[in-house]
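Colleague: Here's the letter readout for the chains.
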Amino acid sequence: MSSMQDSVSVDLKAPSLLKLFTNFFQIGAISFGGGIIAYERILLVDKTQWLDPDEFMAFLAISQTMPGLNSVNLAVLAGDHLRGVLGAISATLGLILPGSIFVMALGVLYASNANHPLANLILMGIAAGACGLLTAITYRIGDGQWKKLKSVAIIAVTFGLMSIAKLSLPIVLLIMAPIGIYLYRPNAS
Amino acid sequence: MSQLIHLAMTFSLLSILAVGGGTAVLPEMQTLLAQQFNVSHTQFVQIYSIGQVAPGPNMLMVLVIGFQIAGMLGASVVLLSFFLPSSIFCFYAGRLWMYFGESPWRRSIQNALEPISIGLMASGVYAVAKASIFDVTTLILALLSLYCVLKTKINPALVILGSGLIGLLAHQLL
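These protein sequence lines are chains A and E, in that order.
Position 138, counted from 1, in the first sequence is what the numbering used here calls 138; the numbers after and before it change by one each time, with no gaps.
Position 116, counted from 1, in the second sequence is what the numbering used here calls 116; the numbers after and before it change by one each time, with no gaps.
So here's chain E without its partners, still in its complex pose:
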């Protein structure tokens, strides 16, 4: 029970801190989960990656983390605590905005938050890269997928599944 409350508090905090979207809280999530719930960096990155294959908002993988830590109940607690606080916040912010209308300060806040969230996303990339790139094969796979997503029209979910298969084949053949 205390673990569920702990999970709820951790993910509510992450929800409110997720300025600029879910990717911005990846490094913080990774650190908190390692320190407080013994989720290893490899496990975290694997679960994150599995989540990228699923449709819908890209952070639904937090459900799997909840499931790993505390079963179905853990998954439900994480679903509520990660999506509810920020949604309630946004709900009231939306109503306030309609009430106050456009203000020059709103533009300033948005301009300021954009580069901050990109910096946080870059930290997310760094955290995922540290745990997922450790030899020539994984480096080539990451670069290949970067190229495919930026330069081709192949669906990113297929790119990721493909790199899983290529990784397997490369290991069996080399």
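With the rest of the complex left out, here is chain A:
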């Protein structure tokens, strides 16, 4: 009996798998230049009210803590919350499908033209531009961190271990995660 009530209350709010897929597909297709998390918030909280703002923030926090791309993780969690495993799969596929097709088309072009002198010059400029973009994204994501001494120290040591000492990523995480968690342990001043 209780399981029947559950499914009824879920059905009232839950979108169809197709609707999940097409809505995430739209985000995947229009999010040129990044900012996917913002599009996901608009879809999930403002447009459809599939999540309330608190649920969205909780899912975002899990997405950021877990490995993987934040935008993809968010699609997995929201999809699971709304429609279970199949929902997670629909939302994630919708999100990554348009960009995958787009990037494969570019990739085929790249594979056949990478040695063309003109293509090389354009790619040089594109790479320099992407470098500037990546710097900007890193700076922005670190926004709240640059003023905290503990955080700046962790950022600097992590960078040093990775880029100067050239340790491999698993080793860097094994060293830094316990130190970071100790520094930020509950009730640390």
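Each hint should be verified, as a subset may be incorrect.
[What the hints assert, rightly or not] Label pairs and their computed distance ranges (CB to CB): (1) A:G160 with E:L84: 29 to 35 Å; (2) A:N120 with E:L158: 19 to 25 Å; (3) E:M1 with A:G160: 24 to 30 Å; (4) E:R95 with A:V108: 35 to 41 Å; (5) A:K19 with E:K130: 43 to 49 Å; (6) E:N155 with A:P178: 21 to 27 Å; (7) E:A34 with A:S16: 41 to 47 Å; (8) A:Q49 with E:T152: 18 to 24 Å.
Source of the hints: derived by calculation from the structure; they are not laboratory data.
Built from N, CA and C at the ideal position, the CB exists for glycine as well.
Go by the hints and put chain E onto chain A.
Modeller: Relative to the frame of chain A, chain E by itself:
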């Protein structure tokens, strides 16, 4: 066949290590691909940059790397092995979280991982910069794009396409 298995293992590892998002594994990805699959730093950075022009999650360019190494099959293997492990991990973590609820240690872990992932992202910036900035033109283009992304509302995909065109023009005119 063994190369496909090798690709799958490499990208599954990178998937699980991608704490704080894809950019954090850029330097590790660059190193592994150079050592194990002969992908040069220039190739890597060019493919990464092309990926920034596409919509959707910003690491879909790994498909192009798979395509370069082993054709369409390589692209499919990389797609699955880079996105599936972390997604499954996150799926179960999400369910566990709902089960256990908010704990002070979760806050600690998140606070600790944030600066670590920013440090890793900074390493990603450094790795991309080393391969993409090598003369005055590329330096100016990188600074220009940094300025445009931080201070203007121009879409970053257009900024990157623009710097490709300016790079071409600068070379033809100077």
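Colleague: Taking the hints in turn, state whether each one holds.
Modeller: Quick rundown of the hints versus the structure:
no. : hint                           : in the structure
1   : A:G160 with E:L84: 29 to 35 Å  : 32 Å, holds
2   : A:N120 with E:L158: 19 to 25 Å : 21 Å, holds
3   : E:M1 with A:G160: 24 to 30 Å   : 40 Å, violated
4   : E:R95 with A:V108: 35 to 41 Å  : 39 Å, holds
5   : A:K19 with E:K130: 43 to 49 Å  : 45 Å, holds
6   : E:N155 with A:P178: 21 to 27 Å : 41 Å, violated
7   : E:A34 with A:S16: 41 to 47 Å   : 45 Å, holds
8   : A:Q49 with E:T152: 18 to 24 Å  : 33 Å, violated
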